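Visitor: First to last, the protein sequences are chains Y and Z. full-length UniProt numbering puts the first residue of the first sequence at 18, with every later residue one more than the last. full-length UniProt numbering puts the first residue of the second sequence at 18, with every later residue one more than the last.
Calculated from the structure, these hints are not laboratory results. Be careful, since some hints might not be right.
Treat identical chains as interchangeable: a pair holds within one or across any two.
[Stated by the list, open to error] Straight-line C-alpha distance at most 25 Å; calculated PhoX-like pairs for lysine-lysine:
1) K302 x K255
2) K258 x K206
3) K328 x K255
4) K103 x K174
5) K41 x K327
6) K361 x K165
7) K327 x K362
8) K171 x K258
9) K328 x K103
10) K361 x K222
11) K302 x K361
12) K310 x K255
Here the structure is a predicted model, which means the values were calculated and not measured.
Number of protein chains: 2
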Amino acid sequence: ALAAPALAQTQPEIKWRLASSFPKSLETLFGTGEYITRRVAEATDGKFQIRSFAAGELVPGLQVLDTVQAGTVECGHTVSYYYVGKDPTFGFESTMPFGTNTRQQNAWLYQGGGLELMRDFFRSYNVINFPAGNTGTQMGGWFRKEIKTVEDLKGLKFRIAGYAGRVLTKLGVVPQQLAGSDVYPALEKGTIDGAEWVGPADDEKLGFHKVAPYYYYPGWWEGGPTVTMLVNIAAWEKLPKAYQAIFESACADANLHMSAKYDVLNPPALKRLVANGAKLRPFSKEIMQACYKASQETFAEDAAHNPAFKKVFEHWSAFLEEQRSWFRVAEFGFDNFVLNGIPKK
Amino acid sequence: ALAAPALAQTQPEIKWRLASSFPKSLETLFGTGEYITRRVAEATDGKFQIRSFAAGELVPGLQVLDTVQAGTVECGHTVSYYYVGKDPTFGFESTMPFGTNTRQQNAWLYQGGGLELMRDFFRSYNVINFPAGNTGTQMGGWFRKEIKTVEDLKGLKFRIAGYAGRVLTKLGVVPQQLAGSDVYPALEKGTIDGAEWVGPADDEKLGFHKVAPYYYYPGWWEGGPTVTMLVNIAAWEKLPKAYQAIFESACADANLHMSAKYDVLNPPALKRLVANGAKLRPFSKEIMQACYKASQETFAEDAAHNPAFKKVFEHWSAFLEEQRSWFRVAEFGFDNFVLNGIPKK
């Protein structure tokens, strides 16, 4: 009987709530939050229970940070670039234009010092962050007309949020903020000229190809965005160490599983979209280079005025340059051959 | 006091041994096994303890499967392609020539049906497998002379193991099996003409650049090899469900961390190698295409005689084709631009 109190101490019953930024219809995004809660429950014999709420059930999807910060819910599954309006530094924890791909983003966060830097930043918001998903490179979005030159961007009403919207204003784009459900009618009526969403698996459900058939790639503003788990620091510190370890591994596990799931769902969705009228188009090199230049200008503006941004940006830029010097060799050599060099039968 | 037996039931003290295929000097590979044992201990308040043994401490590195199969140790951290001599079907769980990259390998295993298929196959060896590491695309190895044409491969004594060795014999290469510590003297004396190892971070320590300076890429036989955790089935079934969940998440967590660690260590190692005399060379398209053709012939031979191989190969090939139809779009569009399309200042 002496052992009982010690065991009760290390395996208490804990109930948390999770606010997701995603509706249930984005099932890979929303489902990854549920994957984490299931993993945590399994690993604790059901003693650590986390109940998920879809966007809007407890709070609107874009207020997840605020509600975790306030401690109203213990944790939230979201994307940090939703909060660049508060501070552009948030962007680095998810992705920045022409930044890391999925592998490099994970390398930066887990082993390159990125997570420590971002946790320093998040601490002032009373939260601790855990990478907990990644979509892979997203698509560049749906357009009613072809976009061939930089000139074609001028005056374009494009549904795009966050940092990339700011970048695109330098090229004359007029960014539009619209909730997911409002995008289709706006594209249909021509109130907007284009819209970015995620990638084939999620885009297909909204039917954009019927009203804006030009499907551009790549989404240069999202080379490999991290989906994150934010935890209120006071709630985190109350967890037993074993539960902390379980939660942390479940998030890393989920990070990998989300990429894998998108990679499995996207190829057949893309095929169906093309069969149903989507017209795949790469952004021209001219457009890509102009957007790259505009991104660098935006970074420089923020670095000049925001010391937190400058600190992370410098670390991240140096890391990115190193990564590219290596990815250019074995990884790109392999991918380029298997994608483009295999002899036809 | 009633609660004590139930708690003792769900959190028993368990001690396992782990046989690693890797020496401690391959610190990212060996260290990932230790990462898993640490994660498991943390998540169970030290109640599930796994002690790691480096290659040779309990059994030689290439006998990990046998020892886990026999139940002499409960688990082993290894690479499935070490066992293609028993059956080439093992190869798919790690990597096959011109196969998946790291992302695609994880997608196939976790979400594409690959893990179920491979577990069916491993079951007859009395083990259950968990992806538990990935190195990323490896390098093509070190050569004393430049290898420019398919003709240059004829008679070449090349230290390479497993399936790719068989593929290369079709092109006249004479594969050599040598333990890591014997490679340097053999290259120095010219007993062998070349040797493949892993990638910059691991290769640097062995000093191959001093005696065989031509450093080729990519290692087309290892686009993104999975490092695996094999567990004896009887030992696995004795674990409480919570420990199973903890162990499984720790392996997935470790899988992601190994990629991240290699991605962080390789870039500076490659720079140092080049500064110290390594001469980076891509395999020519002619060589890559000849090797691709030889790989397909080898696959066809095995599929004709080995029903287990045929079953996995057909699933894997169809998956690979789907993956490439999608990776050619957003991922490659992004990577190709950021690696090769950014305007010079």
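Visitor: Against each hint, give a clear statement of whether it holds in the structure.
Guide: Structure-based check of each hint:
{"no.": "1", "hint": "K302 x K255", "verdict": "neither (52 Å within a copy, 58 Å between copies)"}
{"no.": "2", "hint": "K258 x K206", "verdict": "neither (55 Å within a copy, 54 Å between copies)"}
{"no.": "3", "hint": "K328 x K255", "verdict": "neither (31 Å within a copy, 50 Å between copies)"}
{"no.": "4", "hint": "K103 x K174", "verdict": "within (24 Å within a copy, 61 Å between copies)"}
{"no.": "5", "hint": "K41 x K327", "verdict": "neither (36 Å within a copy, 39 Å between copies)"}
{"no.": "6", "hint": "K361 x K165", "verdict": "between (30 Å within a copy, 22 Å between copies)"}
{"no.": "7", "hint": "K327 x K362", "verdict": "between (52 Å within a copy, 20 Å between copies)"}
{"no.": "8", "hint": "K171 x K258", "verdict": "neither (54 Å within a copy, 59 Å between copies)"}
{"no.": "9", "hint": "K328 x K103", "verdict": "within (17 Å within a copy, 53 Å between copies)"}
{"no.": "10", "hint": "K361 x K222", "verdict": "neither (34 Å within a copy, 40 Å between copies)"}
{"no.": "11", "hint": "K302 x K361", "verdict": "between (27 Å within a copy, 14 Å between copies)"}
{"no.": "12", "hint": "K310 x K255", "verdict": "neither (46 Å within a copy, 59 Å between copies)"}
Of the numbered hints given earlier, the model fails hints 1, 2, 3, 5, 8, 10 and 12; all others are met.
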